[in-house]
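Enquirer: Residues per chain are reported as follows:
Number of protein chains: 2
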Amino acid sequence: MEGEGGGKDVTSVKDTSPAPRRGRRPAGHAGREQILEAAISQFGEHGYQATTIRKIGDAAGVNAKLVHYYFGTKEDLFTTAIAETFRSRGFPDLLAEPSPEGAGSPGTRYLSAVLATLEDPGLGPAFLGLVRGLGTHEESRRIFLRFITEELLERLGPQLDTDHGRTRLELAGSQLLGLVLVRYVLKVPPLADFSVQEVARIIGPTIDRYITGDLDWDDNG
Amino acid sequence: MEGEGGGKDVTSVKDTSPAPRRGRRPAGHAGREQILEAAISQFGEHGYQATTIRKIGDAAGVNAKLVHYYFGTKEDLFTTAIAETFRSRGFPDLLAEPSPEGAGSPGTRYLSAVLATLEDPGLGPAFLGLVRGLGTHEESRRIFLRFITEELLERLGPQLDTDHGRTRLELAGSQLLGLVLVRYVLKVPPLADFSVQEVARIIGPTIDRYITGDLDWDDNG
Numbered sequence: 033m034e035g036e037g038g039g040k041d042v043t044s045v046k047d048t049s050p051a052p053r054r055g056r057r058p059a060g061h062a063g064r065e066q067i068l069e070a071a072i073s074q075f076g077e078h079g080y081q082a083t084t085i086r087k088i089g090d091a092a093g094v095n096a097k098l099v100h101y102y103f104g105t106k107e108d109l110f111t112t113a114i115a116e117t118f119r120s121r122g123f124p125d126l127l128a129e130p131s132p133e134g135a136g137s138p139g140t141r142y143l144s145a146v147l148a149t150l151e152d153p154g155l156g157p158a159f160l161g162l163v164r165g166l167g168t169h170e171e172s173r174r175i176f177l178r179f180i181t182e183e184l185l186e187r188l189g190p191q192l193d194t195d196h197g198r199t200r201l202e203l204a205g206s207q208l209l210g211l212v213l214v215r216y217v218l219k220v221p222p223l224a225d226f227s228v229q230e231v232a233r234i235i236g237p238t239i240d241r242y243i244t245g246d247l248d249w250d251d252n253g
Numbered sequence: 033m034e035g036e037g038g039g040k041d042v043t044s045v046k047d048t049s050p051a052p053r054r055g056r057r058p059a060g061h062a063g064r065e066q067i068l069e070a071a072i073s074q075f076g077e078h079g080y081q082a083t084t085i086r087k088i089g090d091a092a093g094v095n096a097k098l099v100h101y102y103f104g105t106k107e108d109l110f111t112t113a114i115a116e117t118f119r120s121r122g123f124p125d126l127l128a129e130p131s132p133e134g135a136g137s138p139g140t141r142y143l144s145a146v147l148a149t150l151e152d153p154g155l156g157p158a159f160l161g162l163v164r165g166l167g168t169h170e171e172s173r174r175i176f177l178r179f180i181t182e183e184l185l186e187r188l189g190p191q192l193d194t195d196h197g198r199t200r201l202e203l204a205g206s207q208l209l210g211l212v213l214v215r216y217v218l219k220v221p222p223l224a225d226f227s228v229q230e231v232a233r234i235i236g237p238t239i240d241r242y243i244t245g246d247l248d249w250d251d252n253g
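Chains A and B, in that order, give the protein sequences.
Throughout, the working numbering is defined as the position within the first sequence, counted from one, plus 32.
Throughout, the working numbering is defined as the position within the second sequence, counted from one, plus 32.
Simulated from the structure, these hints should not be mistaken for laboratory data.
The model shown is predicted, which means the values in this text are computed figures rather than measured ones.
Please note that a few of the clues may not be correct.
Remember, identical chains collapse to one label, so a pair may be satisfied in a single copy or spanning two.
Under the rule of at most 20 Å between Cα atoms (straight-line distance), these lysine to aspartate or glutamate pairs were calculated in the EDC-like manner [as the list claims (entries may be wrong)]:
hint, residue 1, residue 2
1, Lys106, Asp248
2, Lys87, Glu133
3, Lys106, Asp250
4, Lys106, Asp225
5, Lys219, Glu170
6, Lys219, Glu183
7, Lys97, Asp250
8, Lys219, Glu186
9, Lys219, Glu182
10, Lys219, Glu171
11, Lys87, Glu183
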């Protein structure tokens, strides 16, 4: 999380340039990493809908074609951006790992990591924009579905040492999504005012119950 | 739940009329009840945004002014329509009542009553339309907030024999909202395919824990 936009490599590129061009890196120097950083920053600042592949290319100092080459469509790029940010922070795997002693339950740790990411100016605003558009914006709905299906249900489901892995994850996801809406979109107090840790401690056990608890399945469920 | 639009009184009105006018009741005969029924049916069929006070008046066979007179703005009318439907079905009070023996926990009963209402063609579609618009449509956000604040938090909070009544209800609301989104808006299987009873049995204990369980409050919470 090094602020907005510029990655570490920019400095070294600038160092070898005679005079830094205003905010633009010389074409060809930006690789996958830089484009992804630029994308996250653009999505975060302008929201998914107002961001274009061309603007992301501009911000990364590369041609839009190179952005497409690395990441496919805007929808693909956004999905990748969320997934990589979530993975780089070590979840969803957090849910499947046993907790170190004194670190709180897996559900509590998971919740507090997710909420911290959503409150981080890096990816948070873009992700919340996606959540806002779930109900009315077909592309947002599709991206969100793809994200939870690929990154949560399919990736993590088989790792869970339990029956009904997919359903359990979906239950946890339903609580998380509702919390995100109430806290960040509707902003209803008091939940909107609690600290991340407080919310995680209160709701974490719900996540734990869904993932590993004894649930009342139907006989044929 | 007597199908779409027409209430029981319509027949008696028609009986005394020389010839029934096409679908319209004579002006002046429709009271508060009829207007409310027409409103629910119009909101359900066309969604909140496409429905106008004039169309509701037309459907009820009255002047738009009479609709305003009884219910205020469209926003007020919609809020009233949801609130009265929910009240007429006996919740949110379900949450504060002890369960009759063998009827499942209060959380389970509450969930199953709410889901049944949302799946009823009467009010369900209108309410789901509201939920869909939460993130992008300011009026939907405002109506939903008003509904949960007035009907859930303020009405029921003081009835709960517990500390942190408002927070507890908001926690329950967050799980319910997330479930509604996953099941009815995103329609993610397997939760989208479970029966109402099955979902209620699995998620109900979460609602119970939030309402009456031992939650990990902060010392100053």
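Enquirer: Please list, smallest to largest, the hint numbers that this structure does not respect.
Expert: When the structure is compared with the hints, numbers 1, 2, 3, 4, 7 and 11 turn out to be violated.
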